[in-house]
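Trainee: Chain by chain, the residues:
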Amino acid sequence: MTDDVLSSAFDDHRPPRLDLINDCVHCGFCLSTCPTYVLWGEEADSPRGRIYLMETGLAGEPMTDSMVQHFDRCLGCMACVTACPSGVRYDRLIEDTRAQVERRHPRTRAERLLRGAIFRLFPYPRRLRLLRGPLRAYQASGVRRLLGPLLARTPTLATLESLAPRLRRPERLPERVPAVGPRRAVVGMLTGCVQRAFFPDVNAATARVLAAEGCDVVLPRAQGCCGALSVHTGREAEAQGFARSLIDSFEDAGVDYLVVNAAGCGSSLKEYGDLLRDDPSYAERAAALAAKVRDVSEVLVELGPVAPRHPLPLSVAYHDACHLAHAQGVRAQPRQLLADIPGLSLREIASAEICCGSAGVWNVLNPEPARELGDRKARDVLATGADLLVTANPGCLMQVAAAVHRAGGVIGLAHTVQVLDASIRGLPAQSLLHS
Amino acid sequence: MAVLEDLRAACGDARPAGDDDVIAGVPARFVAAPGSADEAAAVVRAAAVHDLSTVVRGAATKLDWGSPPERLDLVLDTRRLTGVVEHAAGDLIVVVRAGTPLADLSTKLAAAGQQLALDAPLPGATVGGTVAVNTSGPRRMAYGTVRDLLIGVTIVRPDGVLARAGGKVVKNVAGYDLGKLVTGSYGTLGLITECAFRLHPVPEAGAVLRRPVDGPAGLRTVVSAVLGAQVVPAALELDVPAGGGLEFAMLLTGVPEGVRRRVATARALLGGEVAVSDAEPDWWSAYPWGAGDVGLKLTAALSRVPDLVAAGLAARDRHGVPVAMRGSVGTGVLYAGMPGATDPAAVAAVVADLRLVAREAGGHAVVLTAPSAVCDGLDLWGPVPGLALMRSVKFQFDPGRRFAPGRFVGGL
Amino acid sequence: MTSATRADGAIPALATRLRAVLDPAQVIDDRQELRTYECDGLAQYKVIPALVALPHSADEVAAVVRACAEAGVPFVARGSGTGLSGGALPHADGVLIVTAQMRHIVEVAPADERAVVQPGVINLDVTRAASPHGYYYAPDPSSQQICSIGGNVAENSGGAHCLKYGFTTNHVTGLEIVTPAGDLVRLGGRAPDPPGYDLVGAFVGSEGTLGIATEVTVRLVRLPEAVHTLLAGFASTDEAGAAVSAIIGAGVVPAAIEMMDALAIEAAEAAVHCGYPDGAGAVLIVELDGSAAEVDAQFDDVERLCREAGAFEIRVAADDAERALFWKGRKSAFAAVGRISPDYIVQDGVIPRTALPEVLRSIADLSRRTGVRVANVFHAGDGNLHPLVLFDDAVEGQSERAEEVSGAILDLCIEHGGSITGEHGVGMDKVRHMPRMFSADDLDTMQLVRCAFDPAGLANPGKVFPTPRLCGEVPGRHRGAHPLQEAGIAEVF
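Protein chains in written order, with the numbering used here: chain A, 38 to 472; chain B, 4 to 415; chain C, 15 to 507.
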């Protein structure tokens, strides 16, 4: 709200690190992969520019509305980390910066209300589940049409509305799913929040596939949110609280791996050690759990496939979720798993490194640019002419689905693991195309 | 006379003009032939002091190009500014004085298996004249023209100051590229005394394929096929004699095995009656006109070249003028010729037709040379984008308008 | 042109005017945002611009420049801000005109072998747009995934493949420019050899001092049928250099020959894990392209020549992926050096190729004498060196020593008849070296062109030339005091 002219932008509690900032040689290779630079062509909304703002902030510049706006606009997609030849840890920098912003920068009332509402809802699977009923009713009724003019005027609401997935009957998962055949590993499975509430079939498919590949799957019923959305939005204390609870719920599960089927969650879980490094009672346990975290595609390739695959004669466009490709470096494994399915042809999407615009709750907080990015991605996806779009994150799935729908296009949507599940179970390709 | 004394003091070889010292019909008063860059600078300084209008003459192969000079006092002859200054074969560069005939340079370079990859449409032409007018031939398709081969230049400005730009290395972006500026400037910005060029190895093998073509449509098919394939021709030429018939010719160069295979591919590609030989046709690299005739340069975007050819054929019929055409269908540069005795009105009509089509095709139609009866009242150059800026440049280099005044575009 | 003679209100008034001409969002005067533009790819020089404008069209560029001209305010153009000579370094009392939002590819015309693009279009995007048609845009600077065509035009950028294909100037046939007075002018076009002076040729490489390009017509080149790339490891740069000489001497014109020395290899390895041959004192990347018939015939010779020169390991790229990996190390070299040294200077100089071994030896001596490490990356085929002078700014005196070494290398280039810049341009960085390469008369003559385009001296002032030429003065000797001295405006030092 007001410029604090006297004090510099960052305080001493985990400011963005100067040594990391100094790794930046200003080459600009990150610009062409940054979604906000692609949209607006302005230096301050590029990774190089944001790093520059951080540096000036450390050197005494105040945390102004303008500076905060540029940090807020960052999607956190980390395409820049992939592109950077100097190895700048921008992911670390933006996380520390966002935490500082959350603590130190006064937001407008409207912003606070919106953020508050988001974080009272999304990290709580039970609350999300309570929405299912009303949402189904809403989708079934004609109310949607009546709301048109209201939605047109309130982009945030329109985004939420467009993202709401079509709901089906949820499957209930047991707390332990035994391996099919000889047991090769015991894995814990994160059931998530949005995934659990709105895409329960993805969780069911994940459990089945893991079991089919010889894993006992442990799904502690007490598990809650992993805190990814909070971490990525700078809500440090909230994130740490979620992390501690999650560590507790998997503590005695005795698992070799903690398997995750949502890219954003997986990337966050792998960094638990860093998140809780200042907490002596959790630091070691956090690091230990983090070391066990695997994306489902990672662990399946690591173990090596044993379950026979049945053909799926489909053309598939695989979309790299940012938090899987850029944050975790997992690109080859999903492609390998898909390519190993007989009859399946894999197509690459143009401009694959550019985020779809979902970026956690970024699309809710920045609806107009998110829409533009979604439209671009939909255009590139539809240009592949593929039957099915496969991706590993519920956020991406919702964002691209909405954009494809806006473009009047038609394409099937599935999580990587659902494709594997269909192939292992010998389901017809059609089963994946009704989404 | 004070003028002659000063000129002799500057360079030794200075004399009153003779009957042969006439440029595009305009007689000169003096001729000076400096033997070095310093002498050349001294001559130009003397000319400046006496406000002498100056035109540079090399081998006089293109003196009839452009408009006649508005006034002419001094012919600056470059015949003594000859010789190779440096040939660094290992670096593939040569530095040569501007008065050196291209043919002499070629011989010297060939001894080391290298070449300045510039065709010489007019035998005897000097390096300086070639650069000043930016002449080129069939192999521009493979190697570019002067503008792509010139890497350094030394000039004497109209005020007599000696200046260098570029250098002796191919990769060089220090300072402005004055070499490009003086290339094709028709001697209006000063005297070129020395040029540095990048060289190429002389190819080990070559072959020419020839085939008649039945018209612009046939030409389009053939050229598209060749450009779409991967035979990488060094030149793609078309000859359209005034009497009729179109002949297409392709030059392939490279290593013997490579050429052999590409000839086979090209032959199959072209189809029809293809003649293969290791010698170029008689008409190769020569302008389709003789001394005293009308000569035009026509350019167009590559896809529109067949339209230019069609326009030439149509103009021939419409105006009853024997128009001959010849040139690079691979780069979009054609030359057209008409007999010198052609009625000036008919010439003007043909030029107007061709200019219209060339403009619409993204290029230009320029009358390079014509008898004075034809030149009178004829716009030789057509519209020249950026003319105002060109005037500014000319004014900076030659505020007194003493170098080749009126010879070039827009009366520059 | 200085601001001393201009009233203080010029900038705010200009800002108001610009906001009327452009959308207000396209004019930046927020200090923090202005600071993000204070340098380009050369972070050593920083100047905060007074204003930043982001035009969307040629008309908007013209309007901005006209407004600057009428206010007597200097302007500097910037594309992606990745230049390495400080060419886009702003003027403290001027407007930085950023073309990053002008990134529309107007037309790809493969039948004419041309493409028409706005200046903010990224170099690699031209190739991406042309490749489906079987063509590409040949000049390939290492920063091509982000550098803009407008910037390429300003600097006459090269790249690894310019040995065979030439530089930007050989691939631009037409321009639309805004002159420093604010007029839109078309030069050249699709067809070759436009009549009159080659102003396109004069403009390319003029580093933003003659105006701003608002549309560029580029030449497209046919995608070659065959590309063969080899990576060869040598014990030393001498041997690698001998291989290069042998290849050139054999009459082969490779599409590219690149060399990296041991230190550069170490950096690249740390950054991108390119897996170059273990223990190599130098690696060569040699690429041949063209018709399969020619390339097949020549490639075996090239391999043999490398072996004969002492290559202890030769890898031939089996496919595009492997070729990309060979190049990855080379293309990331500059930024990768950041991993083995806290700070570094990227130098850019040219020597005749035959002088390579000697110059490299001199650089090695220099390095030993001064204790300053130098990693070498270069376009071996055309003698364009990129010594990376490493130092640690935190250690006293290292930065100065590095500057000395960097300057000494340029001296070597000039001594051997080369150039002070092969690709990166003079910009701000090499202004002081220009008099070592060119005489006062040479520089004066070049500035005649500048006076023709920009008599008011508003286009990127302070770049390229050490001493601005006062336009309109008569060159040559003056008797008595210079008119400006008499007017009390200029002093003679």
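It is worth saying that the hints were derived from the structure and are not from the lab.
All of these numbers come straight from a predicted model, not from anything done at the bench.
Idealized CB from N, CA, C, for every residue including glycine.
Be aware that a few hints might be false.
Claimed, not checked - Covered by chain B, according to a simulated footprint, are these stretches of chain C (three or more residues, beta-carbon under 8 Å):
#1 78-85
#2 103-115
#3 124-131
#4 290-303
#5 392-404
Trainee: Decide, hint by hint, whether the structure agrees.
Mentor: Consistency of the hints with the structure:
1. 78-85: Violated: only 0 residues of the region 78-85 of chain C have a Cβ under 8 Å from chain B.
2. 103-115: violated (count 0)
3. 124-131: With 4 residues close enough to chain B, the hint holds.
4. 290-303: violated (count 0)
5. 392-404: Contact hint for the region 392-404 of chain C vs chain B: holds, 4 residues under 8 Å.
The earlier numbered hints that this structure contradicts are 1, 2 and 4.
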